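Peer 1: Sequences listed follow chains A and B, in order.
Heads up: the first sequence runs through residues 1 to 310, numbered per the working numbering.
Heads up: the second sequence runs through residues 1 to 515, numbered per the working numbering.
No lab work stands behind these hints, which were simulated from the structure alone.
Bear in mind that the values here come from a model prediction, so they are computed numbers and not experimental data.
There's no promise every hint is true.
[Said to hold, decoys possible] The following residues of chain B were derived to be distant from chain A, with all beta-carbon distances above 10 Å:
no.	residue
1	169
2	182
3	185
4	200
5	351
6	353
7	389
8	391
9	393
10	413
11	440
12	453
13	479
[What the hints assert, rightly or not] Listed below are the simulated DSBU-like cross-link pairs for lysine-lysine, each with C-alpha atoms no more than 30 Å apart in a straight line:
no.	chain 1	residue 1	chain 2	residue 2
14	A	29	B	479
15	A	92	A	174
16	B	499	A	174
17	A	29	A	245
18	B	169	A	148
19	A	133	B	387
20	A	29	A	9
21	A	147	B	387
22	A	245	A	133
23	A	174	A	114
24	A	29	B	387
25	B	82	B	387
26	A	10	A	148
27	A	148	A	174
28	B	82	A	245
29	B	479	B	246
30	A	133	A	236
31	A	114	A	245
32	B	447	B	499
33	A	133	A	174
34	B	169	B	94
35	A	9	A	147
36	B	387	A	245
37	A	147	A	8
38	A	245	B	479
Yeah, the Cβ is synthetic: ideal placement off N, Cα and C, and Gly gets one too.
So you can see what is in the structure, the chains are spelled out below.
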Amino acid sequence: MAILIDEKKKTVIQGITGREGRARTALMKGYGTDVVAGVTPGRGGEEVEGVPVFDTVAAAIEEVGEVDATAVFVPAPLVKDAALEAFDSGVKLAVLVPDRVPIYDVMEITAAAKANGARFVGPNTLGVLSVDKAVMGMLGGRAESAKKWFRPGPVGVSSRSGGITSSLAYYLNKAGVGQTTIIHVGGDTVVGTRHPDVMLMFEDDPATEAVVMFGEIGGTQEEEVAELIADGRFTKPLVAFVGGKAAKEGTRFSHAGAIVEGKRGTYEGKVRALREAGATVVDEYDRIPDETVRVLREAGIAAGGGQKGR
Amino acid sequence: MARLYEYQGKELLLEAGFAVPRGGVARTPDEARARAKAVDGPVVLKAQVFVTGRAAAGGIRFADTPDEAATVAAEMLGADVKGQAVAELLVEEKLEIASEMYAGVIVDDAAGQPLLIFAGVGGTGIEEIAAANPDKVVRRHIDVNRGLRPYDGVNAAREAGLTGKTLAKVGRALVHLWETARRCEARAAEINPLVVTGAGEVVAADCRITIDDYAVYRHPELGIEVAREFDRPPTELDLIAYNVEKDDYRGTFYFVQLEQGYSRGDGYVGFHGAGGGGSMMSMDAVLAEGFKLANFCDTSGNPPASKVYRAAKIILAQGPIDGYFGSGSGVASQEQFHSARGLVKAFREAWLDIPAVIRLGGNREDLAVEILTGYTQSLPAPVEGYKKDDPAGFCARRLRELVDAWDYAKTHERLPEEPHDADYSFGTITGGTVSYDYGRCGECDTKVCIETCVPGILELDDDGCPRLNIPLEDAAKGKCTECLACEVECYARGDGGGKIHLPIPGLAEYLKARL
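One chain only, chain A, in its complex shape:
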């Protein structure tokens, strides 16, 4: 099992003929994702990596039947239209990769997803990868790297940083700990799927026995995860790290989401909330793998997979 995606989900790629679209089509197909169609208006009839290209999502569906998910690689100003088009065509999951999508566009996407019973990940996300099953987005960069870096096991990974998502999985593997699904929730302040949403999905996934979460200063995602634990809605062992300990209040770093505003969203507040709820909070990033091994051992969970990464 896994969350959000697996090898059975029929997937389209919007913006398939662009530079990123082409490169990540190779990654997604090469890793095992069932990519059934690509979409670029005006380019219908072409092929990218053996994937037929259509002018619209609706045209793709007419030809290949219902699809489950879309990975969006169009320029930021066009992301809103791409997402709304997918939702209107009945697609229930969208992974929005581009950076710099205006926040009011994201709020309109949020409203449309809600109205259509759909979910989206991102924007500004490297995507989602269910180990040895499928990837949506650009996690791993190339299929061969993705196959080498990510190994199956019992741990779910959720991160607010893209680079860290791969890095965490790699270091966990080195420590002998494999993963179910790894997800980069996105670096922006408003995203479709947040840490608390991911925790609830991992809670329902029988294959996921523990979770590693990379949090950051700013916003309230980590505090909300602490509330889920306190309320008994998330019950699996959680190892958490909060980045940005040293950030000065009011300074915005390169993640739009990582801003400390007043007392809300501070490093201390997040760490305290998570610890009080019973999560294991690691102070040093480099210690995450060892602490995860310890937590798994104490919970009697076999680490599985791992160690095949170089």
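Use these hints to put chain B onto chain A, whose structure you have.
Peer 2: Leaving out everything else, chain B in the frame of chain A:
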């Protein structure tokens, strides 16, 4: 910066139909006098700076006559309010205040919706006032497609306990505030205090609007110079860096100066991260070693070597830093030798005389570290390169050891620049120039430029010298990706015939002024 000055915000409110005090901006005492004359009554002069608590810091003063306004303005302009120099004043009518309220539209991250907050109480210390009067504070989410309708505003005012004419006026004002926020794509638009005057008018006495950085491109009317949120006006280097990034969409480059006015030996390092989370984690590691950050910088998202080069040049331009630290998440998807080449070019041009530790973990990391350390051997200071299996904490400790052992008093003579003839040259997408000295190229046995050119756009002519195998215009449009191989690899392994000039507008002037 994506924050608007009070007077800019009030202009937007006025356009939306909101009542604001009569007056306007003044940049000289004479302008302040003219503004006061137009108001024809007592005025308030407000320093236009991005700080809170202006009143206590002398940033808000009053004047009864136009001449007094000019005198007060002369004192305020150029003065310092909480560390910011005052360049502009808002001169407007002094309101006769009957009561104060608060109104705001902010983006609620958790809900992914705008949130209207209205409080029937307001003024300085709104957080505490609101907490003490929970029954007077109304919060309601706004459907971004539906918007706020007039009766929604009235209902919000009613829930906060308002009645009569004030209720109706506030209801309308809330709708105008929402319309303003939506039109300029504000992350937050707040009015505190929202004033009821003695005459019963509802007026915005202050205004704080922050624009979504990502939406600034579709709002040229706002005249925002740097689409980023700063808690201060951008520094000269911030602006130089922003202009590098502005027109180059390949990867991202973010730079913010955190400190100025320090000296060598104060423990400041130039920080060069890669990726938001990786940068933050690396920053924590370097701070844990007792260093302080001169700047925050992040080049990521598969940037070209030229972008990393420019970032490094800007970091080094800051002056008396004790060391240079680079590190990202450790397992980058991008091919890391591009970054290595960018750093090598910058370090060589700076004739690096402070220790540098760079963690280049990720795809092609072996090659990246080989380039970084192998090609910087002749520089005075040590440059160490690390990979994904070397933790950031370890790398930060290495920098600590190198800095502690380094003799900063010693001066290092620079190797003289060798003459270089541009016998063949072409332009690049960011205004750079690639040129070859055919005297050297003809003698060169390695032809390393051909082998290492990432886009493969070079070929040898009959004399064994490199030239483009594509039209010049195509190279200038981006086919030349500025991988920097034909300078960096050529210098290290060839005869030094290749040279790349990459302009950074304003940097030379900045450095000259600092000397």
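Peer 1: In ascending order, which of the hints set out earlier in this document are inconsistent with the structure?
Peer 2: Structure breaks hints 2, 3, 7, 8, 9, 15, 16, 17, 18, 22, 23, 25, 31, 38.
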